[in-house]
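Participant: Sequence:
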Amino acid sequence: MITGGKKWGDRGFYVLPTVFAKVDENSTLAREEIIGPITKIIRFETMEDLLEKTSIKHSLLPTAIMTRDVDKVNHMAKKLRYGSIWSVWMSTD
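No gaps in the numbering here: position 70 of the sequence shown is 70 in the UniProt record's numbering, and each next residue is one more.
If you're looking for bench data, these hints aren't it; they were derived computationally from the structure.
Hints are not guaranteed to be accurate.
[To be verified] Listed next, the in silico EDC-like pairs over lysine to aspartate or glutamate satisfying Cα-Cα at most 20 angstroms (straight line): (1) Lys22 / Glu48; (2) Lys79 / Asp49; (3) Lys22 / Glu52; (4) Lys40 / Glu52; (5) Lys40 / Asp10; (6) Lys72 / Glu33; (7) Lys72 / Asp49; (8) Lys78 / Asp49; (9) Lys79 / Glu52; (10) Lys40 / Glu25; (11) Lys6 / Glu45; (12) Lys79 / Asp69; (13) Lys79 / Glu25; (14) Lys72 / Glu32; (15) Lys22 / Glu45; (16) Lys22 / Glu33; (17) Lys53 / Glu25; (18) Lys79 / Glu48; (19) Lys78 / Glu52; (20) Lys40 / Asp24; (21) Lys53 / Asp10; (22) Lys6 / Glu25; (23) Lys22 / Glu32; (24) Lys53 / Asp24; (25) Lys22 / Asp49; (26) Lys79 / Glu45; (27) Lys53 / Glu32.
Could you build all of it, start to finish, from the sequences and the hints given here?
Facilitator: Written out as structure tokens, the structure is:
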């Protein structure tokens, strides 16, 4: 966990925004939907590795692709089977 994970407020079941990094793609955390301000970062070394490990089953969950390469985003968006796909454009500026 990079940040968050703590209770917020005195009432209800609220948590601070939470980010998990270095998540194993086979873990429950990676495969199950979490309702709340929580995100998971799963890194893949190659596009082929990502496609092989994530597109085995259709998922209604959303996903995001972070890259500087527009062509990679377009290629991956056509191949991935997710409910929605967001493109996160990274810049060195």
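Participant: Decide, hint by hint, whether the structure agrees.
Facilitator: The hints, checked one at a time:
1. Among the hinted pairs, lysine 22 with glutamate 48 is consistent with the structure: their alpha-carbon atoms are about 19 angstroms apart, no more than 20 angstroms.
2. With a CA separation close to 12 angstroms, the supplied pair lysine 79 and aspartate 49 stays within the 20 angstroms bound.
3. Among the hinted pairs, lysine 22 with glutamate 52 is consistent with the structure: their alpha-carbon atoms are about 18 angstroms apart, no more than 20 angstroms.
4. Distance check on the hinted pair: lysine 40 and glutamate 52 sit about 19 angstroms apart at the alpha-carbon level, within 20 angstroms; holds.
5. Between the alpha carbons of lysine 40 and aspartate 10 the distance comes to roughly 26 angstroms, so the proposed pair goes past 20 angstroms and is violated.
6. Between lysine 72 and glutamate 33 the CA atoms are separated by roughly 26 angstroms; this puts the pair beyond 20 angstroms, and the hint is violated.
7. A C-alpha spacing of about 14 angstroms is found between lysine 72 and aspartate 49, which places the hinted pair at or below 20 angstroms, so the restraint holds.
8. Between lysine 78 and aspartate 49 the alpha-carbon distance is near 16 angstroms, which keeps this suggested pair within the 20 angstroms criterion.
9. With a C-alpha separation of about 10 angstroms, the suggested pairing of lysine 79 with glutamate 52 holds against the 20 angstroms cut-off.
10. Proposed proximity of lysine 40 and glutamate 25 is supported: the alpha carbons are some 10 angstroms apart, at most 20 angstroms.
11. For the hint linking lysine 6 to glutamate 45, the alpha-carbon distance of about 31 angstroms lies beyond 20 angstroms, and the restraint is violated.
12. For the hint pairing lysine 79 with aspartate 69, the CA-to-CA distance comes to about 16 angstroms; that is within 20 angstroms, so the pair holds.
13. Our distance criterion of 20 angstroms between C-alpha atoms is met by lysine 79 and glutamate 25, whose separation comes to about 18 angstroms.
14. Between lysine 72 and glutamate 32 the alpha-carbon distance is near 26 angstroms, which puts this suggested pair outside the 20 angstroms criterion.
15. Only pairs whose Cα atoms come within 20 angstroms are accepted, and lysine 22 paired with glutamate 45 is accepted, the gap being roughly 12 angstroms.
16. This hinted pair checks out: lysine 22 and glutamate 33 have alpha carbons roughly 17 angstroms apart, not beyond 20 angstroms.
17. This hinted pair checks out: lysine 53 and glutamate 25 have alpha carbons roughly 8 angstroms apart, not beyond 20 angstroms.
18. Distance hint between lysine 79 and glutamate 48 is fulfilled; the C-alpha atoms sit about 10 angstroms from each other, no more than 20 angstroms.
19. Between lysine 78 and glutamate 52 the alpha-carbon distance is near 14 angstroms, which keeps this suggested pair within the 20 angstroms criterion.
20. Using a Cα cut-off of 20 angstroms, the hinted pair lysine 40 and aspartate 24 holds, with the two alpha carbons roughly 10 angstroms apart.
21. For the given pair, lysine 53 sits about 40 angstroms from aspartate 10 by alpha-carbon distance, which is inconsistent with the 20 angstroms threshold.
22. A C-alpha spacing of about 24 angstroms is found between lysine 6 and glutamate 25, which places the hinted pair above 20 angstroms, so the restraint is violated.
23. For the given pair, lysine 22 sits about 16 angstroms from glutamate 32 by alpha-carbon distance, which is consistent with the 20 angstroms threshold.
24. Distance check on the hinted pair: lysine 53 and aspartate 24 sit about 11 angstroms apart at the alpha-carbon level, within 20 angstroms; holds.
25. A distance of roughly 16 angstroms separates the Cα atoms of lysine 22 and aspartate 49; the hinted pair therefore holds under the 20 angstroms criterion.
26. Using a Cα cut-off of 20 angstroms, the hinted pair lysine 79 and glutamate 45 holds, with the two alpha carbons roughly 17 angstroms apart.
27. The suggested pairing of lysine 53 with glutamate 32 holds, with an alpha-carbon distance near 15 angstroms, which does not exceed 20 angstroms.
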